[in-house]
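Novice: My request is simple: use the sequences and hints to build the entire structure.
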Amino acid sequence: MSKLIYMDNAATTFVDKRVFDAMTPYLTDRCFNPSSIYDGAQDVHADLDNARDTIAKTIGATSKEIFFTSCGTESDNWAIKGIAHANAEKGKHLITSKIEHHAVLHSMDALKKEGYDITFLDVDENGLVDIKKLEEAIRPDTILVSIMFANNEIGTIEPIKEIGEICHKHNVYFHVDAVQAYAHIPINVKDLNIDLLSVSGHKFNAMKGTGFLYIKKGTKIINYMDGGAQEFKKRAGTENVAGIIGMAKATEIAHNEMNKRIEEETKIRDYIIDRILKEIPYSKLNGDRVKRLPNNINIGFEFVEGESLLLSLNDIGVCASSGSACTSGSLDPSHVLLAIGLPHEKAHGSLRLTISHETSMDDAKYVCDNLPPIVERLRSMSPLYEDFIKNKK
Amino acid sequence: MAYSEKVKDHYKNPRNVGEIENASGVGTVGNAKCGDIMRMYLDIDDNTHIIKDCKFKTFGCGAAVATSSMATELVKGKTIEEAMKVTNKAVMEALDGLPPIKVHCSLLAEQAIHAALWDYAEKHNIKIEGLEKPVNDIEELEEDEEL
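Protein chains in written order, with numbering that gives the first Met the number 0: chain A, 0 to 392; chain B, 0 to 146.
The set of hints was computed from the structure by calculation and includes no laboratory data. Here the structure is a predicted model, which means the values were calculated and not measured. Ideal Cβ positions, reconstructed from N, Cα and C, are used throughout, including at glycine. Hints should not be assumed to be uniformly reliable.
As the list claims (entries may be wrong) - Taking beta-carbon pairs under 10 Å as the criterion, some of the chain A residues facing chain B (in silico): (1) Thr265; (2) Ser379; (3) Leu383.
What the hints assert, rightly or not - Covered by chain B, according to a simulated footprint, are these stretches of chain A (three or more residues, beta-carbon under 8 Å): (4) 307-314; (5) 338-347.
Specialist: Here you go:
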């Protein structure tokens, strides 16, 4: 098979050639420990500072508010557990939503076992958090609200500005998991009243094993790793220098090209959504039609199971993802699709296509041309479809 | 999780997909909650008890399709007694194994055959040695949920 169409960019992205080139010197000629004293090492230290500065500027922060981590999951763990443990005297109540990433949900579960009280907010049929219910959930002992910027499965963009205002008003820390949104849509932590922001490098063409946590100056949070003086003594461990340099390069490129990328991706996204919904009966868009990431398409096909769909797409060279149980290693379908009210059989039949700035209109056409016969074939062998047709008659 | 070449072959080119009109026995097992539903149709010779034809329809993952397909291959041409020996293990072996998380698919395939045989036995008022009433029928489960 020669043709490969990659539409799983929410899972990971390819490292940009320019990013790769920016990184390589730090793996070879400039492979110094930035904590060392000689010139070469101090130069690398300066480059790290510049990278931190570049990243800080993209979200309206100062460089001292950027803490490099190993991934989005680490950032989420640190933000949630770090705030909980540092502020337990004020209270032990945290608020989040039911559609967060497992890095957030399972961190909350871990705190629950320690005796913290967690409110898991419902979302509406499009995956939106109800800001009124969120405000009602805030109590005197609430110490943190953690809501994702945009959902990784259905692409819904949450009302972050409104939530930020509520948290600010009630003097509660606000953490945002921006793993899917950062470097894809504009984010300004000051405008949005965000206290902590989690980011992962490999979602925007940097390498895996990179990420950062923005922590607003003055935030009371425990240190995540004890050891050396790295990351302002809050997160020890020799820096992933090449990874960080690459992440700064990737974010620079993404922000320089952001408007163009948003425009192009939105055009292709809408083309795919419109064609699929029009050409395949009993299909439905999951997530909000408008408040949606430019790169996310998530469509449910009734009477069809997701893994079968993915295997068929794999056969024609399309890499995609699904909310089906079978792709997750458990028997339960996606918690996100269940939270937006889909019954199990429909949650099993979802397809997630996440495009990138490198997705062409030809790629989109190829997928749209090839999808209807695949769905039709799987339906022809589905007992659910057979029953549906018989009952219709 | 990796599928064997045989599993891949069977989900890409499943054998015996479809329905049998006026089938001697039909059985449906599984439920939408776990994501797999299998329906087996049997055409059985009333005198010789030979399974002349077997077809299936499956809503489910690649392993669910492959185990259904293999199960139909294994029971076709066999007598009812012989078909009773087509266990989930036999289906798995014939497919060169399944990833651990997919073993339940082979169990469903075995149960689907049993459910179709049960339907046949009930219609003809006969008893099949070793066959128990299928419990994993989706319609029964749905009734249970309504209770």
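Novice: Mind checking the CB of Leu383 (chain A) against every CB in chain B and telling me if the closest is under 10 Å?
Specialist: Because about 5 Å separates Leu383 (chain A) from the closest Cβ in chain B, which is inside the 10 Å limit, the hint holds.
Novice: Verify the coverage statement for the segment 307-314 of chain A against chain B, using a C-beta to C-beta distance below 8 Å and requiring 3 or more qualifying residues.
Specialist: Our answer is that it holds, as 3 residues pass the Cβ test (under 8 Å) against chain B, meeting three.
Novice: Verify the coverage statement for the segment 338-347 of chain A against chain B, using a C-beta to C-beta distance below 8 Å and requiring 3 or more qualifying residues.
Specialist: holds (count 4)
Novice: Holds or violated: the hint that Ser379 (chain A) contacts chain B, with Cβ atoms closer than 10 Å.
Specialist: holds, 8 Å
Novice: Report holds or violated for the interface hint on Thr265 (chain A), using the least CB-CB distance to chain B and a cut-off of 10 Å.
Specialist: violated, 32 Å
Checked against the numbered hints above, the structure violates only hint 1.
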